[in-house]
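Same order as they appear, the protein sequences are chains B and Y.
Counted from 1, the first sequence has number 22 at position 22 by this note's numbering; the numbering is strictly sequential.
Basically this note's numbering = 1-based index in the second sequence + 1000.
Hints listed in this document are in silico derivations from the structure and should not be mistaken for laboratory results.
When the alpha-carbon atoms are kept at most 25 Å apart in a straight line, the in silico DMTMM-like pairs for lysine to aspartate or glutamate are as follows:
1. B:K804 x B:E780
2. Y:K1057 x B:D19
3. B:K137 x B:E329
4. Y:K1057 x Y:D1023
5. Y:K1090 x Y:E1104
6. Y:K1057 x B:E64
Covered by chain B, according to a simulated footprint, are these stretches of chain Y (three or more residues, beta-carbon under 8 Å):
7. 1047 to 1059
8. 1075 to 1081
Just so it is clear, the structure is predicted and the values come from calculations on it, not from any experiment.
Using N, Cα and C, we set each Cβ at its ideal position, and we do this for glycine too.
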Amino acid sequence: MSRRRPVFERLLLWVVGQDVRGRSMAGDLREEYGQRSAGALNELRYALSCLRLAGRYLPVRMLEAARRAASAGVLDLRQSARGFRSAPTYWIGCTLTLALGIGATSTIATIVYGSLLEPLPYPHPERLVRFGDATLKNPVGLSSASVLNFMGLQRSAGTFDVMAAFRSERAIVSGPDGADRLQGAWVTPNFFEVFELTPLAGRWFEPADQSSGARTVIISERAWRRLFGGRRDAIGRTIQIDLVDHTVIGIAGRDQSAHGAVDFWKTIRWNADDMTLRRRRSIEPVGRLRAGTTIEEARHELRALFAALGREYPAENAAWTINVMPIEEWIGSFGGASSRAMLQLIGAGAVVLLAVALINVTSLTLGRAEQRRRDALLRRALGATSGRMFALHLTEGLLIGVPAGIAGAVIASWAVPLVVAQYGDTFPRSHTVAFGASSVLVAAGAGIVAAFCIAALAGLRRRPATDGLRTDARGASAASLRVRLALVTTEVALSALLLHAAMLVAGTIYALSRVDMGVPLDRALTFEVGLPRSRYPDPDRIARFLDELSTRLHALPGVREVGATTRRPFAGGSNGGVSVADDPARTLPLVEYRAVTPGFFPALGIALHEGRTFAAGLGAGAAESSQVVISEQLARELFGPSSAVGRLLRTATSAPPVEVIGVVGDFRDFGPVREGRPTIYFRHSFNEVYANSPFSTVIVRHEGSGADLTLLTRAVLRDLDRDVPMDAIMTLQTLADRSAGTSRRTAATLLLWFTGVALALGSVGIFGVIAFSVERRRREIGIRLAVGDTPAGIGRRILVEGLKLTAIGLAVAALGSYWIRNAVASFVLADLTPASWRVLAGVVAVVALIAVTACLIPARRAARTPLITVLRE
Amino acid sequence: MPRSAFLGEWEQLVLLAILRQRDSAYVIGLRAHLSAVMGRTPSRGALYRTLDRLEEKGYIRGIEEDASSDRGGHPRRRFVVTRSGIAALKASRQALLHLWKGVEEVLE
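Let the hints inform the model, and build the full structure from the sequences given.
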């Protein structure tokens, strides 16, 4: 065989190896085929033989390589573990630092994913829509729908497979294992068809459930666990809803509640108003589109149908149209736009924290790599390849990253439920957010990424080994110091940015807490009571209950005033128009309506300005059913400087005019963020506006600390009616704080936490770098001391070095402050928040103080360097 | 006798072939010899892997010989059976003879 055939031979040698075995094999083939006659066929046979032999040896070689790598890995692992055993502080420091960052990131990622990104658990979620009436002024809004309109649409719409509706209600639900006030929904029997899920146990509703009048109920998995302790025999058992027996026919799985935290479903029963009053908009429709139908097509069809309804019933529908939105968008809008902004902000905060942690770890790693520089260079000199060195560094990185990932996952598993419990009401779908596979995945990913970062940085310098061995240590460590300085400067900048954001949001909250609410906030307790409809079906009984409750609470030691109202103070939100009876031109379209007991004004601390307020006692109540008390703002806007007492007003809800009996002071009923509106007060449970409201907020104004007032109040309530639960117990101050925006508070709290950790890490970073720099310059310091520099001078020099580092970091942060202002814009009220430059000044002061503290120890150490030791070194 | 000392059929054949080739036990010759004895040509891969295995067990030893031009400059390996290889062969032979004893009539 004359011609060379290097390709196949090379392949064979590559697979089998260049050793004597491989080469003799190649030689054998050459010899064998060389002895035969030349020709294309022979060539082909030779090639095939090479390939076959290579194929035979490939798995063998792969196995050998894997075995070699594994044994090298085990060796690396042992070596790294030994290294860490000799420097446990480094290992523990790195792992804990990283674990904190990973824990925060995994927690926030879990929440962001669960509330914003996770696909809805329904089959074909893209076909699910929420629709409802919208005003022509704001056709993209979504209001409740009228039952009669809904039925009309249901009959004619062709773009929908199913159209259903629900009405949210809360009720007291008691089962064998306890009673609770739970969120429920009154639904049309086909409601569950929309979502296409199967029940966990039992069945969904059938039309007969509505028409027969049978009292049946479907409960959520959560309610099943709470009421039945998760027992299998719950189907067919009886629970009480507002003290009326209902039979459990089904249990809905967790997924069913993805569109809202509902714990029980009952079939809706249309009442006389529903079937006669087209203007009464009280149900929330949902639907499933026909396959292949787009939202636009559905919206177009419903709007056309609604326009026809508008022509038929112009009085009720003329100003209205209809809107259809994907169910995902509707769910995502829970908590408002600020909720999304909050999640983005704290998400960014968590990532910054992780970055700071990572920087700290890599900075520590660089310092350590510097200490072991000779060891690494020796390995290179002895023939360790770059790959081998990287593998060694990666093993070290993994020894930090993997435990940190595990610890981070543990932190997240503990923090996610905590954050959800504490701040769940500030973001959508919070009840389905749970620690799970995605959280572990994020933690694991972050741990591995960290390991690679550590490995990459530890082997940063790729100079020839011999050069490295020959040169003085200082050249190399100067390069390493430069990298570390850059890293720590970044760390300072990131911490400062985080602090800036946190301080801006916290500053707003502080400013809001200083806003005068118009009423004293201290020494007042508030709670909600919900009266079961079955026992309190009429205003008379509600009035008697509230009167009796007020009398008994008043008798408690230290209680000064007791009052009740239909809605919580500072929550705003129930309004209508008011006009002067004898001058209809004087009309105010947006007036807050509130029903109160006589004790409400003194209990909340609203002063009487003119006339009188409602008289105490039930006897007076009936006479006052057509009398109202108005706020000063309302009096001013309707009557100007003239007296309002004795004037007659027309309200949106009652035909006969009502008489003004008194004018009281204003308070900020919308919380500190918004100005209060003019308000009209009706007599609770006597005026028809709020005659039947089963829920009331009670305000108890007291003396002293009121430490045991909650217990005493609870006892009084239990004594009065043990089936009435006491809810949402908090001080008036807390109520006011909450009204300042819970998402703002959540963002500030979490950001402050992150900032605290980031600053702590940052100070460790500064300390590490300065200490390293001092260590590196021991000789220089010694010489300086020898030529007459004072220890104080040396210490000062070190401090200045640390401050320089901080100053650069802060300068970078100042550049980033523009971005921060935009990021927190939705939480910050420009007129209330301290100016950005003042916050920035605060940030500079805090960070500089921390930096100086971090530099003190190395500076002192440098100043105390014994001259003789250094010179001896 | 340890279990590992027993040889597989293919290992015995290769060892015996090396012994029979005496001082010229090269792969090409071995393959030709085995082919003549067995009536079919064994695959190169099987032969090389068996040689590797026997070498790992210490039953044979490969001796590197000078490269020649007809081999493209690649060396040649000659195999010799080691003492432990001989011992393993003997043990296998003994075991087989023992098992053969008394069953010839049945097989005839």
